[in-house]
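Read off the chains here:
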Amino acid sequence: MKKELTISAIKDGTVIDHIPSNATFKVADILDLKSIKSMVSVATNLPSKHIGKKGIVKIEGKYLTQEEVNKIAIVAPDATVNIIENYGVKKKLRVSIPNQISRVIKCSNPNCITNVEKIETRFSVLSKNPFKIRCHYCERDMNKEDIEIV
Amino acid sequence: MNLKNQDIISINDFSKEDLLHILKIAKSMEKPKPALLKNKIMSTLFFEPSTRTRLSFIYAMESLGGEVLGFDSASSSSAKKGESLWDTAKIVEKYCDIMVIRHPVEGAARLAAEASGKPVINAGDGANQHPTQTLLDLYTIQKVKGTLNSLSIGMVGDLKYGRTVHSLTAAMSYFNPTFYFIAPQALQMPQTYLDELKEKGIKFVTESNLQKVSNKLDILYVTRIQKERFPDPVEYEKYKGYYKLDTKLLENVKKDLKIMHPLPRVDEMDKSLDNTPYAVYFEQAANGIPIRRALLALVLGKTK
Numbered sequence: 001m002k003k004e005l006t007i008s009a010i011k012d013g014t015v016i017d018h019i020p021s022n023a024t025f026k027v028a029d030i031l032d033l034k035s036i037k038s039m040v041s042v043a044t045n046l047p048s049k050h051i052g053k054k055g056i057v058k059i060e061g062k063y064l065t066q067e068e069v070n071k072i073a074i075v076a077p078d079a080t081v082n083i084i085e086n087y088g089v090k091k092k093l094r095v096s097i098p099n100q101i102s103r104v105i106k107c108s109n110p111n112c113i114t115n116v117e118k119i120e121t122r123f124s125v126l127s128k129n130p131f132k133i134r135c136h137y138c139e140r141d142m143n144k145e146d147i148e149i150v
Numbered sequence: 151m152n153l154k155n156q157d158i159i160s161i162n163d164f165s166k167e168d169l170l171h172i173l174k175i176a177k178s179m180e181k182p183k184p185a186l187l188k189n190k191i192m193s194t195l196f197f198e199p200s201t202r203t204r205l206s207f208i209y210a211m212e213s214l215g216g217e218v219l220g221f222d223s224a225s226s227s228s229a230k231k232g233e234s235l236w237d238t239a240k241i242v243e244k245y246c247d248i249m250v251i252r253h254p255v256e257g258a259a260r261l262a263a264e265a266s267g268k269p270v271i272n273a274g275d276g277a278n279q280h281p282t283q284t285l286l287d288l289y290t291i292q293k294v295k296g297t298l299n300s301l302s303i304g305m306v307g308d309l310k311y312g313r314t315v316h317s318l319t320a321a322m323s324y325f326n327p328t329f330y331f332i333a334p335q336a337l338q339m340p341q342t343y344l345d346e347l348k349e350k351g352i353k354f355v356t357e358s359n360l361q362k363v364s365n366k367l368d369i370l371y372v373t374r375i376q377k378e379r380f381p382d383p384v385e386y387e388k389y390k391g392y393y394k395l396d397t398k399l400l401e402n403v404k405k406d407l408k409i410m411h412p413l414p415r416v417d418e419m420d421k422s423l424d425n426t427p428y429a430v431y432f433e434q435a436a437n438g439i440p441i442r443r444a445l446l447a448l449v450l451g452k453t454k
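Listed in order, the protein sequences are those of chains A and B. Last residue of the first sequence? That's 150 in the working numbering, and every number before it is there in order. Last residue of the second sequence? That's 454 in the working numbering, and every number before it is there in order.
Misleading hints may appear alongside valid ones.
Below, simulated DSS-like cross-link-like pairs (lysine-lysine); rule was C-alpha separation at most 25 Å, straight line [unchecked claim]:
hint, chain 1, residue 1, chain 2, residue 2
1, B, Lys350, A, Lys132
2, B, Lys377, B, Lys366
3, A, Lys118, B, Lys231
Bear in mind the hints are in silico, worked out from the structure with no lab data behind them. All values reported here derive from a predicted model rather than from experimental measurement.
Please take these sequences and the hints and turn them into a complete structure.
Structure representation (structure tokens):
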């Protein structure tokens, strides 16, 4: 309980816990938290029994949808997402890899048009386990080890 | 699939039925139809050089009564001034009914198609796709063998970087083939394609010595070791003369083997093969005409 209070509890909104520490700010980027006007707390390098060091993101007044939650699957597949109402957990969402991924990942092919012109990347997910995606533009396949987050 | 107003970007966008339908229409397009595409304009956006593809698109369009405008190198387009491909496609769509694009960057044709309200045909995007080449390869195989089904297909040369062999492998996979991939280890078919074949239950053999498997083949598809696709010139020097096919190859082959090549060739295939009944590569290049006529007519809605 004491650890949870490292950053303050929220009344209504979304708490994303168990983010790998090195992915905390990527999660913030992916969810575009800098454009949110309500209170957002981002904490990282918190001790965690399960993953060593973890990050937490708390967003006051915003309920993430399943679709939004799935966007972070690439960087934080084991994150837990709780929807909070009146300080209590109203709903738990599981992170699951979507069938299409836009924007988040950079295509590993340097000669792909997405690395030449300023356009958003798009990938279709061929397989979730093992993770394999195909670029919508250059049709190159990528595995987990090829992935670089934009 | 009704191809009217559809973009032709990747062979992977087509089902088996689509492919067979296009081949059927191509058969009816062996001769010019000078009134079919009257008052239609095709623009050619060629950001890198090409002889066969560009000329055969132009000839196909003009032999159906259509008109052509365009450029044939990036240096004669606004790309030289720094214009984005997106903008070029947006502008050119106003001048034409259909756009044919060749570009050295992979995914360029897909992007141009998204920018343009007019249909786009991909005439080659870097090492990625060249669907009209694949279709004319299928058309040639069907013509010379009488069928696409259950053939033993050998591919020799640069199987790592060669887009023609990747696309042909994908397209032929619909027709219960046995593949023989013949290349030195460093230029073998990429693992990702082999994994896909395994998943589909398609038989294949990888081999570096052509002589060992040449007697099994119905089709031998030869490709050039492409200098322009090699990231490292030292690597290219190592492999450039690796295969030199000549009439010695023919000692051991099936009587009805047919040898194909997307051309241009450098020194991987000797001229002594040209006048043998095995060689069909010039006929193959000519088959680009009915295929491109068929696609232009289908996409412009003048045939179904």
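Quick rundown of the hints versus the structure:
Under the criterion of a C-alpha separation no larger than 25 Å, the hint pairing Lys350(B) with Lys132(A) is consistent with the structure, at around 17 Å. For the given pair, Lys377(B) sits about 30 Å from Lys366(B) by alpha-carbon distance, which is inconsistent with the 25 Å threshold. At roughly 17 Å between alpha-carbon atoms, Lys118(A) and Lys231(B) fall within 25 Å of each other, so this suggested pair holds.
Violated hints amount to a single one, hint 2; each of the other numbered hints is respected by the structure.
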